[in-house]
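Start from the sequences, fold in the hints, and give me the full structure.
So the protein sequences, as listed, match chains A and B. Last residue of the first sequence: 173 in our numbering, with the numbers rising by one and none dropped. Last residue of the second sequence: 509 in our numbering, with the numbers rising by one and none dropped.
Among the hints, a few may not be true.
[To be verified] Listed below are the simulated DSS-like cross-link pairs for lysine-lysine, each with C-alpha atoms no more than 25 Å apart in a straight line:
1) B:K284 - A:K82
2) A:K146 - A:K76
3) A:K76 - B:K318
4) B:K186 - B:K318
5) B:K318 - B:K249
6) B:K186 - B:K277
[Stated by the list, open to error] Computed from the model, here is a short list of chain B residues facing chain A with C-beta under 7 Å:
7) G210
8) G217
9) H220
10) H224
11) A231
12) L234
13) T238
14) P275
15) S403
[Said to hold, decoys possible] Selected chain A positions facing chain B (Cβ under 7 Å, derived; list incomplete):
16) S25
17) S46
18) D49
19) D51
20) S60
21) I84
These are computed hints drawn from the structure, not numbers from a lab. Note that CB positions come from ideal geometry on N, CA and C, so glycine has one too.
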Amino acid sequence: MAITGNSGIILTTVEEVLSWSRRNSLWPVSIGLACCAIEMMHTAASRFDTDRLGIIFRGSPRQADVLIVAGTVVNKVAPMLKLIYEQMPDPKWVISMGGCASGGGPFPTYSTLQGVDRIIPVDVYIPGCPPTPQALLWGIIQLQKKIKEKKEGKELKEIPIRVPTESKPIKQI
Amino acid sequence: MEIISTVVVLVVKSLIFILGMFLAAAYLTLIERKFAGHVQQRPGPLHVGFHGLLQPIADALKVLTKEDLVPNNVDKVLFYLASLMAFVPAIMILAVIPFGDPIKIFGFEIKPYITDINVGLILALAFGSISIYGVIFAGWASNSKYPMIGGLRKAAVLIGYEVALGFAMVGPIMMAGSFSLREIVQAQEGFFGAFIWYQPLAFIVILFAILAETGRTPFDVQEAEAELVSGYNTEYSGMKFGLFPLAEWYIGTFVLSAIAVILFFGGWKGPHIFGAFSPFIWFFLKVFMMFMFFLWVHWTLPRYRVDQITEIAWKVMLPLSLLNIFITAIIIMVKG
Numbered sequence: 001m002a003i004t005g006n007s008g009i010i011l012t013t014v015e016e017v018l019s020w021s022r023r024n025s026l027w028p029v030s031i032g033l034a035c036c037a038i039e040m041m042h043t044a045a046s047r048f049d050t051d052r053l054g055i056i057f058r059g060s061p062r063q064a065d066v067l068i069v070a071g072t073v074v075n076k077v078a079p080m081l082k083l084i085y086e087q088m089p090d091p092k093w094v095i096s097m098g099g100c101a102s103g104g105g106p107f108p109t110y111s112t113l114q115g116v117d118r119i120i121p122v123d124v125y126i127p128g129c130p131p132t133p134q135a136l137l138w139g140i141i142q143l144q145k146k147i148k149e150k151k152e153g154k155e156l157k158e159i160p161i162r163v164p165t166e167s168k169p170i171k172q173i
Numbered sequence: 174m175e176i177i178s179t180v181v182v183l184v185v186k187s188l189i190f191i192l193g194m195f196l197a198a199a200y201l202t203l204i205e206r207k208f209a210g211h212v213q214q215r216p217g218p219l220h221v222g223f224h225g226l227l228q229p230i231a232d233a234l235k236v237l238t239k240e241d242l243v244p245n246n247v248d249k250v251l252f253y254l255a256s257l258m259a260f261v262p263a264i265m266i267l268a269v270i271p272f273g274d275p276i277k278i279f280g281f282e283i284k285p286y287i288t289d290i291n292v293g294l295i296l297a298l299a300f301g302s303i304s305i306y307g308v309i310f311a312g313w314a315s316n317s318k319y320p321m322i323g324g325l326r327k328a329a330v331l332i333g334y335e336v337a338l339g340f341a342m343v344g345p346i347m348m349a350g351s352f353s354l355r356e357i358v359q360a361q362e363g364f365f366g367a368f369i370w371y372q373p374l375a376f377i378v379i380l381f382a383i384l385a386e387t388g389r390t391p392f393d394v395q396e397a398e399a400e401l402v403s404g405y406n407t408e409y410s411g412m413k414f415g416l417f418p419l420a421e422w423y424i425g426t427f428v429l430s431a432i433a434v435i436l437f438f439g440g441w442k443g444p445h446i447f448g449a450f451s452p453f454i455w456f457f458l459k460v461f462m463m464f465m466f467f468l469w470v471h472w473t474l475p476r477y478r479v480d481q482i483t484e485i486a487w488k489v490m491l492p493l494s495l496l497n498i499f500i501t502a503i504i505i506m507v508k509g
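Below you can see the structure in the form of structure tokens.
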């Protein structure tokens with residue numbers, strides 16, 4: 001839905017206000033899979049304080065907007081992660097935090113999912129192993145920018161669209 | 174004609190009270206988040222508006238426009254009813270709370286309360302108890318493990334504190350000789366006339382009961398995040414979820430703080446140093462102090478187990494409140 005001009009006053013204003021409210025209260029599910037979760041907790045705690053941006057962690061996926069996939073997604077936990085994603089109400093976004101969630105990381109093995117984008121759509125990838133709290137905050141701000149850009153019907157330029165590739169090392173079982 | 178004017182005045186007053194309470198509750202969330210932030214040595218909401226002033230609006234808009242999920246296996250009627258059951262009675266307590274003496278503006282006599290009935294306190298207690306049904310229904314109707322544990326815990330706690338709360342309120346009622354909240358305030362004259370000097374035991378019991386009723390931290394077993402995912406409201410999303418914290422944590426705490434202020438701190442009475450609106454300003458100052466006290470307790474203390482709470486309620490608070498009634502009765506008898 002591309003909005004080219006600023007001709008429609010009421011519609012654009014409503015979309016703008018909704019987009020503003022959505023990007024200013026992104027509530028993530030408090031789910032952590034591996035060591036990235038420690039950094040995620042660190043981001044929510046005193047020193048980095050996500051509450052500055054209006055972000056508070058909710059226990060239940062039914063009340064959350066963002067799924068931060070923090071850590072290695074092994075094949076056993078992948079169905080649960082997908083279930084949690086499906087339990088979240090729309091509109092929802094996914095941040096893939098760290099190398100493991102983004103592409104398998106240092107675990108190119110039979111038991112590890114080679115990137116969480118094989119099971120759920122991802123909005124922002126954050127590099128790092130594990131990403132620092134600053135990097136996670138960067139990712140959240142990228143997501144806010146993306147929500148803002150999407151309202152205007154544009155694609156975000158900074159983040160290249162990742163083409164899913166064959167996972168290389170999986171051997172025949 | 175008189176009936177019509179009475180109805181119009183009542184409707185306008187109720188609308189003002191309800192809308193005012195909605196706005197106040199929205200900004201109480203911001204106060205709580207700021208307060209929690211500074212307790213934990215962080216700034217709290219900071220970037221949405223000036224020092225987070227637009228944060229409640231952003232949250233409210235987002236929660237209102239979220240998808241409204243209703244899981245397949247819930248009891249539909251109770252599921253929808255529960256959030257209203259929690260919210261409506263909590264806001265109905267406002268009907269009996271007086272905010273000041275009648276004042277005259279442009280020749281009209283304006284009474285800053287909706288109704289002044291002689292069973293006001295009992296009505297407030299009743300509405301407070303009905304509000305708890307919302308929590309229990311939510312736990313039951315969700316047809317899910319954690320909400321049900323949360324709802325049953327709340328039921329167990331309810332049975333404990335409700336008895337102590339009722340008995341603790343008897344002390345101030347005996348001293349004032351009335352159930353009407355307005356007459357209780359009028360019975361407290363001057364600084365040393367406030368009932369807090371004569372009823373410290375009742376005050377302690379009522380503090381405990383308000384903390385338990387509103388689910389503030391030492392007694393927030395019904396939505397203990399570390400144990401139950403999000404407690405009784407785990408399966409709720411969107412505004413159906415939003416009504417629960419609004420009703421319990423903000424409107425409930427605010428209204429019960431107002432009742433505690435009326436019972437123990439002389440309501441709107443205070444030195445006339447703010448001009449014509451002195452009673453309102455004193456009342457809201459006192460209620461705000463009480464509210465901040467509850468926030469302070471909430472963000473400082475760890476949580477009791479549910480069996481410890483019922484133990485405190487039955488073994489400490491109930492005897493304390495009975496003792497308070499006994500002492501008050503003897504003093505009233507001796508002094509005549």
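| In ascending order, which of the hints set out earlier in this document are inconsistent with the structure? | Those not satisfied are hints 1, 2, 4, 10, 14 and 21.
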